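Construct the entire structure; sequences and hints are all you get.
These are the residues of each chain, in order.
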Amino acid sequence: MGDGMYAGESALEAHGLGMRYRRGWVLKDCSFRLPAGRICGLVGPNGAGKTTLLSIMAHVLEPTEGRLSVFGAAPGSVDSGRTSFLAQDKPLFRRFTVAEILRLGQELNPGWDQRAAEDIVRAGNVPFDAKVGSLSGGQRTRVALALALGKHPDLLLLDEPMSDLDPVARQELMGALLAEAAEHGTTVLMSTHVLAELENVCDYLVVLSGGGVRLAGDVDELLSVHTMVTGTKDGEGLPVSLAHHPLVESRISGRQFTALIRPDSPATGPWETDSPSMEELLLAYLRSPDAPSLITPTAQVQDQAYNTRTVAA
Amino acid sequence: MVVVIVEFRINRRSGVPAFQQIVQQTKQALRLGVLVPGDRLPTAKDVAEVSAVNPNTTLKAYRELEREGLVEPRPGQGTFVRRTLARPSASTDSPLYGQLVAWVSRAAEAGLEQEDVVALVASAMEKQYTAGTETAVTTTRSTGG
Numbered sequence: 001m002g003d004g005m006y007a008g009e010s011a012l013e014a015h016g017l018g019m020r021y022r023r024g025w026v027l028k029d030c031s032f033r034l035p036a037g038r039i040c041g042l043v044g045p046n047g048a049g050k051t052t053l054l055s056i057m058a059h060v061l062e063p064t065e066g067r068l069s070v071f072g073a074a075p076g077s078v079d080s081g082r083t084s085f086l087a088q089d090k091p092l093f094r095r096f097t098v099a100e101i102l103r104l105g106q107e108l109n110p111g112w113d114q115r116a117a118e119d120i121v122r123a124g125n126v127p128f129d130a131k132v133g134s135l136s137g138g139q140r141t142r143v144a145l146a147l148a149l150g151k152h153p154d155l156l157l158l159d160e161p162m163s164d165l166d167p168v169a170r171q172e173l174m175g176a177l178l179a180e181a182a183e184h185g186t187t188v189l190m191s192t193h194v195l196a197e198l199e200n201v202c203d204y205l206v207v208l209s210g211g212g213v214r215l216a217g218d219v220d221e222l223l224s225v226h227t228m229v230t231g232t233k234d235g236e237g238l239p240v241s242l243a244h245h246p247l248v249e250s251r252i253s254g255r256q257f258t259a260l261i262r263p264d265s266p267a268t269g270p271w272e273t274d275s276p277s278m279e280e281l282l283l284a285y286l287r288s289p290d291a292p293s294l295i296t297p298t299a300q301v302q303d304q305a306y307n308t309r310t311v312a313a
Numbered sequence: 001m002v003v004v005i006v007e008f009r010i011n012r013r014s015g016v017p018a019f020q021q022i023v024q025q026t027k028q029a030l031r032l033g034v035l036v037p038g039d040r041l042p043t044a045k046d047v048a049e050v051s052a053v054n055p056n057t058t059l060k061a062y063r064e065l066e067r068e069g070l071v072e073p074r075p076g077q078g079t080f081v082r083r084t085l086a087r088p089s090a091s092t093d094s095p096l097y098g099q100l101v102a103w104v105s106r107a108a109e110a111g112l113e114q115e116d117v118v119a120l121v122a123s124a125m126e127k128q129y130t131a132g133t134e135t136a137v138t139t140t141r142s143t144g145g
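Protein sequence lines, in the order shown, are assigned to chains A and B.
All residue numbers for the first sequence refer to our numbering, where the first residue is 1 and numbers rise by one.
All residue numbers for the second sequence refer to our numbering, where the first residue is 1 and numbers rise by one.
Source of the hints: derived by calculation from the structure; they are not laboratory data.
Among the hints, a few may not be true.
[What the hints assert, rightly or not] Examples of chain A residues lying across from chain B (beta carbon under 10 Å, computed):
hint, residue
1, 173
2, 176
3, 239
[What the hints assert, rightly or not] Now the in silico label distances, taken between C-beta atoms and shown as ranges:
hint, chain 1, residue 1, chain 2, residue 2, range
4, A, 96, B, 76, 39 to 49 Å
5, A, 297, B, 108, 47 to 57 Å
6, A, 64, B, 68, 45 to 55 Å
7, B, 130, A, 137, 52 to 62 Å
[Claimed, not checked] Covered by chain A, per the in silico footprint, the following chain B stretches (three or more residues, Cβ under 8 Å):
hint, region
8, 6-18
9, 95-104
10, 117-127
Only a predicted model underlies this, so the values are computations on that prediction, with no experimental measurement involved.
Ideal Cβ positions, reconstructed from N, Cα and C, are used throughout, including at glycine.
See below:
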């Protein structure tokens, strides 16, 4: 793992992506960029379009409009590198044994790492001769992750990967995943509802809501441009002197107020300021659908500034 | 091959960013002489595997330690300790430490709780190091954790 991790190469670039199902638009005008080598959390409420977005990236779905490039090429093409997609329902052939599933991985993927895959299965004491259909949800997740990592993908897409794992398995598999990323410079994009799971794991974030990108960028950068303000309430609502700072969310309880702001100048005043935690930042954006979106420069695609919004059907 | 000498304990609920915890724990190990010049720090992969911490976080902590001249990266080999922070009078077999252990045990005999002891020590330190150097603050934090 060298300096390449910080270089400008894009793993993913979404330009005005949109997806319409019969019930309407699920994704609309999604533009963002994920630099290579990052471990990115994809966060959003139910129905925000996370699974749809991951499926487009995995070349399982074709977008209705816009375009996506994976390492500069079309998804699924030879130049887009190797992509592993761990879907939420972990689709595996139920009548195959674990050993047969890994054999399949070996047959289908040049450069397959049988030992890495076996190590992940073995760490969970999953019997190699067990039929996939007889495994518990957590064991199936483990086998699916072994299959995904045995391929040594350049891009690893995970949809709610840890939801059916116990805490010990969760920590161990997250460790295996991050070690893989450390060794091979893998770019990881994973969706989750468990915000605490992202702390210390992700260095990049994309927040989706209502089918659009609300927040995207480097975690440190996102945290550093926000300030959490706590103070004593003076009259109704927030102090007037805070009003000129862009506001993400404010809450008033009794005599106290708290506000998450994106100050353009230092927010000094008769209150306390602190930097938000990742969880506080995410919750504030998820609770406030009307807060202005923020896509930091490293997360912007080149033509983003000129992107015109197309009319929704 | 190379023995891993330290293992970082990352507390996800402490509110202290993981990269700062790695910096603090490395310095603590350097201060106590657990790490000495020439030792190799765990690789970002080791830390990821054991503590499920983003490898970029570990590298960021190592760059911080490098800026302070404490460690150096050797291409293809890892990150190595360059100098120690241990002082003979600050080691756990120094007379000062012995006196402190004796004092803590007297405090316990006198019925003081752990929090009382921490408060007393912090207060005495504040009095002594009124200039409030950054080092004094870091020391209290890392020994407290």
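Q | Proximity test - 8 Å, beta-carbon atoms, the region 95-104 of chain B to chain A, at least three hits | A | Violated: only 0 residues of the region 95-104 of chain B have a Cβ under 8 Å from chain A.
Q) Regarding residue 297 of chain A and residue 108 of chain B, is the given constraint of 47 to 57 Å on their beta-carbon distance met? A) holds (55 Å)
Q.
If I claimed the Cβ atoms of residue 64 of chain A and residue 68 of chain B lie 45 to 55 Å apart, would that claim hold in this structure?
A. holds (53 Å)
Q.
If I claimed the Cβ atoms of residue 130 of chain B and residue 137 of chain A lie 52 to 62 Å apart, would that claim hold in this structure?
A. Given about 59 Å between the Cβ atoms, the range holds.
Q. Going by Cβ atoms only, is residue 173 of chain A closer than 10 Å to chain B?
A. holds (9 Å)
Q: Confirm or reject the coverage of the region 6-18 of chain B by chain A under the rule of 3 or more residues with a beta carbon closer than 8 Å to the chain's beta carbons.
A: Answer holds; 4 residues pass the 8 Å Cβ test.
Q) Do the Cβ positions of residue 96 of chain A and residue 76 of chain B conform to the proposed distance bound of 39 to 49 Å? A) holds (40 Å)
Q: So, residue 176 of chain A near chain B? Judge it on the closest CB pair being under 10 Å.
A: holds (7 Å)
**Q.** Restraint check, 10 Å cut-off on beta carbons, for residue 239 of chain A near chain B
**A.** Result: violated, 26 Å to nearest chain B Cβ.
Q. Residue count check for the region 117-127 of chain B against chain A: does it reach three with CB-CB under 8 Å?
A. Check failed, 0 qualifying residues.
Of the numbered hints given earlier, the model fails hints 3, 9 and 10; all others are met.
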